[in-house]
Amino acid sequence: MRRSTAAAVGTLFGAALIVGVRLSVSTPVVTAAPTDVDLAGSGTSADPTPSKSGSKKEPTKKPSAAATDDADDAGEAGGGTGLTDGTFKGKGVVNPYGTVQVSIKIADGKITAAEATYPTTGNSATINPGAVLKLKAETLEAQSADIDAVSGATFTSKSYKESLQAALDAAGA
Amino acid sequence: MGTVVSIDLADQLPDDKLTKLVEDTCAWLHEVDARFSTFKDDSEVCRFRRGELTLAECSPDMRHVLDACADLWRHTDGYFDANAAGPLDPSGYVKGWSVEVASARLAAAGSLNHCVNAGGDIRMRGTNAEGSPWRVGIRHPWQADKLSWVLAVTDGAVATSGSYERGEHVINPRTGKPASGLRSVTVVGPDLAIADAYATAALAMGESGITWLAKLGPQGYESAAVTDDGRAFSSAGLPAAV
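Chain order of the listed sequences is A and B. Going letter by letter, the first sequence gives residues 53 to 225 in our numbering. Going letter by letter, the second sequence gives residues 1216 to 1457 in our numbering.
Because the hints were derived from the structure by calculation, they are not lab data. Everything numeric in this text was worked out from a predicted model, so none of it was measured. Heads up, the beta-carbon is just placed ideally off N, CA and C, and yes, glycines get one too. Some clues are possibly wrong.
Claimed, not checked - Negatives, chain A to chain B, calculated, CB over 12 Å:
1. 142
2. 143
3. 144
4. 151
5. 165
Stated by the list, open to error - Computed list of lysine-lysine pairs in DSBU-like fashion (alpha-carbon distance at most 30 Å, straight line):
6. 1232(B) to 213(A)
7. 1361(B) to 1430(B)
8. 1392(B) to 1430(B)
9. 1392(B) to 188(A)
10. 1255(B) to 213(A)
11. 1255(B) to 1392(B)
12. 1235(B) to 1255(B)
13. 188(A) to 1430(B)
14. 1235(B) to 213(A)
15. 1361(B) to 188(A)
Can you make the complete structure from the sequences, with help from the hints?
Right under this line is the structure:
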């Protein structure tokens, strides 16, 4: 459920909702509640499609006041689609990175704007909570190459003499 | 410390200026050694360990190093631990930090193209004498004359921690025993002190370090690791030269 909420909101707004700065080994802490969004000035009355990308027309979370999800019926006056005009907030969805809450605005029975609030503080937030960063496995190479410096485990002064770095330093003199 | 530092200045500057830059860098590194060497009885770190100095009486550099070790202990889930081997020993941080500072001083003094390699931990800026990114080879964990990866870096740091030079010198702070599982860890990123500490911490974690290293990507730190049984791993953003 939370994954599809995030995906729906993501497609409505195009750009990713990633606001956290890094993943860390410690537990993420959201230190401020998400702020409510003012929908009064957003959306256009004639255009029933709030999405920039155009692929979805309504969020997954439905406002409790709406009777149906037929937001793309065209040309009908307010009551015709069953959607009541106004601004509605969906239930906040809590996931480990904070609370995501979707709000929609309905005018003339059509959804004219949609917005989501999301955690803006804390150690981590992600559009895809299930993603795990991994190092990729590869074949261990044993190559020679033209290089300026060697990075290896700290060598002692003794082993330096036989090291690649020493050869480079001698060649550069 | 017993390690060798290689300094490569690629700027077009007069010889006497280049010589002065190298001399100043060496003077800084000697100052660091005098303050932080655990092999010198009269060093500040030894006096602090013996209780002859309180924290408040320590130099600003000492206090910075101890603060940084505390931060890194937290950020590495306790695996970077200046007390892992018993008495306080911030050397794991000091090594990278001293070169990070050396590079900053070189830049402030007019060298924007240089490569400083202290025992395998490298901080570089700009480009080499040919005008290309610095090409850094990661020493193969078994074959001393071969490379496992070749990186191309302009501004940044490369730090490698491994068990093949000084043996099992990295202790797993949880068990108190030498770490095992990983033979070599290389971390690449903006700050050498942090890259060095992360490489050491990952080595201390053993194989689970591979998962931990992956989480450093969003912070700007890429990595490459080889297990004791020869499996190799690297992060998606590792700046490998083609």
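Quick rundown of the hints versus the structure:
{"no.": "1", "hint": "142", "verdict": "holds, 29 Å"}
{"no.": "2", "hint": "143", "verdict": "holds, 30 Å"}
{"no.": "3", "hint": "144", "verdict": "holds, 26 Å"}
{"no.": "4", "hint": "151", "verdict": "holds, 22 Å"}
{"no.": "5", "hint": "165", "verdict": "holds, 32 Å"}
{"no.": "6", "hint": "1232(B) to 213(A)", "verdict": "holds, 28 Å"}
{"no.": "7", "hint": "1361(B) to 1430(B)", "verdict": "holds, 29 Å"}
{"no.": "8", "hint": "1392(B) to 1430(B)", "verdict": "holds, 25 Å"}
{"no.": "9", "hint": "1392(B) to 188(A)", "verdict": "holds, 28 Å"}
{"no.": "10", "hint": "1255(B) to 213(A)", "verdict": "holds, 24 Å"}
{"no.": "11", "hint": "1255(B) to 1392(B)", "verdict": "holds, 26 Å"}
{"no.": "12", "hint": "1235(B) to 1255(B)", "verdict": "holds, 27 Å"}
{"no.": "13", "hint": "188(A) to 1430(B)", "verdict": "holds, 13 Å"}
{"no.": "14", "hint": "1235(B) to 213(A)", "verdict": "holds, 26 Å"}
{"no.": "15", "hint": "1361(B) to 188(A)", "verdict": "holds, 22 Å"}
Figure legend: structure checked against the earlier numbered hints; every hint is met.
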